[in-house]
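Peer 1: Those sequence lines, one after another, are chains A and B. The numbering of the first sequence is the UniProt record's numbering, which starts it at 1 and goes up by one. The numbering of the second sequence is the UniProt record's numbering, which starts it at 1 and goes up by one.
Simulated from the structure, these hints should not be mistaken for lab results. None of the values given here were measured: they were computed from a predicted structure. Among the hints, a few may not be true.
Among the chain B residues that face chain A by a calculated CB cut under 7 Å, a handful are [stated by the list, open to error]:
no., residue
1, 67
2, 79
3, 83
4, 97
5, 118
Okay, the calculated beta carbon distance ranges per label pair [to be verified]:
no., chain 1, residue 1, chain 2, residue 2, range
6, B, 125, A, 190, 41 to 47 Å
7, B, 127, A, 189, 31 to 37 Å
8, B, 222, A, 147, 41 to 47 Å
9, B, 31, A, 115, 55 to 61 Å
10, A, 193, B, 54, 23 to 29 Å
11, A, 130, B, 233, 23 to 29 Å
Yeah, the Cβ is synthetic: ideal placement off N, Cα and C, and Gly gets one too.
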Amino acid sequence: MSSTKEEAPAVRVLGLWASPFVIRVLIALRLKGVEHEVLEEVVGKKSELLLRSNPVHKKIPVLLHHGKPISESLIIVQYIDEVWSSNAPAILPADPYVRAVERFWAQYIDDKFPRGIRILKGTVDGNKDEIVEQLSTALQLLEEAFLKLSNGKHYFGGDNIGYLDIALGSHVGWVRAVEKIAGVQLLDAAKVPHLVAWADRFCAHPAVVDVLPSADRFVEYSVKYGSFFPTRPSLPTE
Amino acid sequence: MAGGNGELKLLGMWASPFVTRAKLALHIKGLPYEYVEEDLGNKSALFLSSNPVHKTVPVLIHNGKPICESSVIVQYIDDAFPGVGTPLLPADPYERAVARFWAAYIEDKVVTSWAPVFRVKTDEERDEAARQTLAAVEVLEGALKECSGGKGAFFGGDSVGYVDVLLGGLVSWLKANEPLTGTKLIDATKTPLLAAWMERFCELDVAKAVLQDVDAVVEYAMALRVRLAASSAANN
């Protein structure tokens with residue numbers, strides 16, 4: 001006996017294509033080969049479903065798994081890794097120490113990049129020169145971390161992309177966009193050659209290529225929606 | 001055995017609530033460790049080489065390898081010693097995600113709003129910070145109800161878990177807030193579940209062994225306030 005009403009897909013993502021935090025979730029799902037539906041929010045207008053699913057923060061991304069909401073991008077990525085643990089590749093490293101190192105850097109990345117990018121985009125007031133300095137230092141440290149963690153392989157995660165690749169890689173779209181918007185160089189091949197090579201590989205990865213658009217698209221987005229949010233934006237992203 | 005019999009060393013500063021979190025986790029797991037009190041005005045070579053990025057405590061050193069950031073350290077302790085003591089995170093992925101969500105909330109909303117209370121200069125700024133912190137604490141009351149299954153025991157259910165450790169580390173400072181600023185952060189009339197949680201938490205052997213004396217924290221914070229005011233006056 002079949003129901004006349006179609007069941008909602010088991011895995012749904014509430015998101016916005018331009019959000020690096022949403023991009024993380026989509027990469028993780030693609031990496032694990034999990035079928036999912038993406039519900040694109042309208043910029044500046046939060047859906048009822050979003051408000052119901054994430055009442056505390058009212059932000060995307062939200063993963064709905066059999067209707068149960070999970071929020072916060074890195075928490076969602078870990079959830080995906082744990083639920084679909086039998087699907088290779090593993091996203092979090094097996095070794096507890098390496099896992100701790102990746103978590104440390106993921107936290108560092110989210111402390112520096114989102115705010116820095118907003119300032120360079122011009123949606124938040126700030127000293128652009130100072131931010132360029134800060135982000136360049138951050139990238140320098142991440143270059144060193146990459147050398148240690150990759151161990152000569154292609155990604156922070158080794159042979160395949162993992163947690164830290166996703167945490168940093170999801171920001172590459174906006175990093176390259178603000179390089180154009182603010183006329184600055186961040187992913188500088190002269191200063192962080194391994195990261196630049198890694199960024200290209202990451203963006204071309206099959207789990208990433210369709211969900212991390214080119215820098216120009218992010219620039220267009222910024223031009224289109226920049227004026228909506230002259231000061232601290234109440235974007236539906238984290 | 002994961003983690004092995006390697007030596008554990010914790011670099012800390014007695015007043016830091018973040019260090020307290022690490023101590024709580026180690027004690028809950030029953031893991032022996034060497035504690036090193038760092039002089040943050042004169043940082044040791046070991047400390048600087050172990051946390052070159054932030055130069056902050058706590059730092060956990062396991063078999064010579066450093067782990068930094070209190071929430072990362074607590075998760076590491078749980079991951080690296082799986083067979084030892086009770087797990088801090090639940091086994092179910094959804095419940096783990098919920099625990100991580102509230103842990104992140106404590107960092108992003110409670111701690112971030114609250115820290116300025118001890119640093120800002122004007123009463124207006126302090127009142128605003130207090131207001132935001134109280135709002136966040138009220139949301140946590142709802143979280144506790146949800147996580148403890150309405151029983152109001154611990155965020156981890158019947159036993160102490162990840163969120164309890166992260167909030168528990170802050171307890172002496174939560175109590176110190178009233179003598180320091182006049183605002184009671186955990187008020188039984190406003191957040192009864194959290195007030196009961198705090199009492200229950202403080203009764204634990206682990207808490208008695210690790211939590212700082214509240215008067216000592218008040219004294220420390222007052223001296224810090226004086227030092228900050230003096231240095232900003234000197235810089236003006």
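Peer 1: For each hint, tell me whether it holds in the structure or not.
Peer 2: Tested hints:
Proximity of residue 67/B to chain A holds as hinted, the smallest CB-CB distance being about 5 Å (cut-off 7 Å). This hint holds: residue 79/B has a C-beta 4 Å from the nearest C-beta of chain A, less than the 7 Å allowed. Taking 7 Å as the C-beta cut-off, the interface hint given for residue 83/B is violated, the closest approach to chain A being about 13 Å. For residue 97/B, the interface hint holds, the least distance from its beta-carbon to any beta-carbon of chain A being 5 Å, beneath 7 Å.
With its C-beta approaching chain A no nearer than about 20 Å, residue 118/B sits outside the 7 Å limit, and its interface hint is violated. Distance hint for residue 125/B and residue 190/A: a CB-CB separation of about 43 Å, consistent with the stated range 41 to 47 Å. The hinted window of 31 to 37 Å between residue 127/B and residue 189/A is violated, with their beta carbons roughly 50 Å apart. Remark: the range hint 41 to 47 Å for residue 222/B to residue 147/A is upheld by a beta-carbon distance near 46 Å.
The hint said 55 to 61 Å for the Cβ distance between residue 31/B and residue 115/A, and at roughly 36 Å that hint is violated. For residue 193/A and residue 54/B, the Cβ-Cβ distance of about 26 Å falls inside the hinted range of 23 to 29 Å, so the restraint holds. Our hint of 23 to 29 Å for residue 130/A and residue 233/B holds, since their Cβ atoms are close to 25 Å apart.
Checked against the numbered hints listed earlier, the structure breaks hints 3, 5, 7 and 9; every other hint is satisfied.
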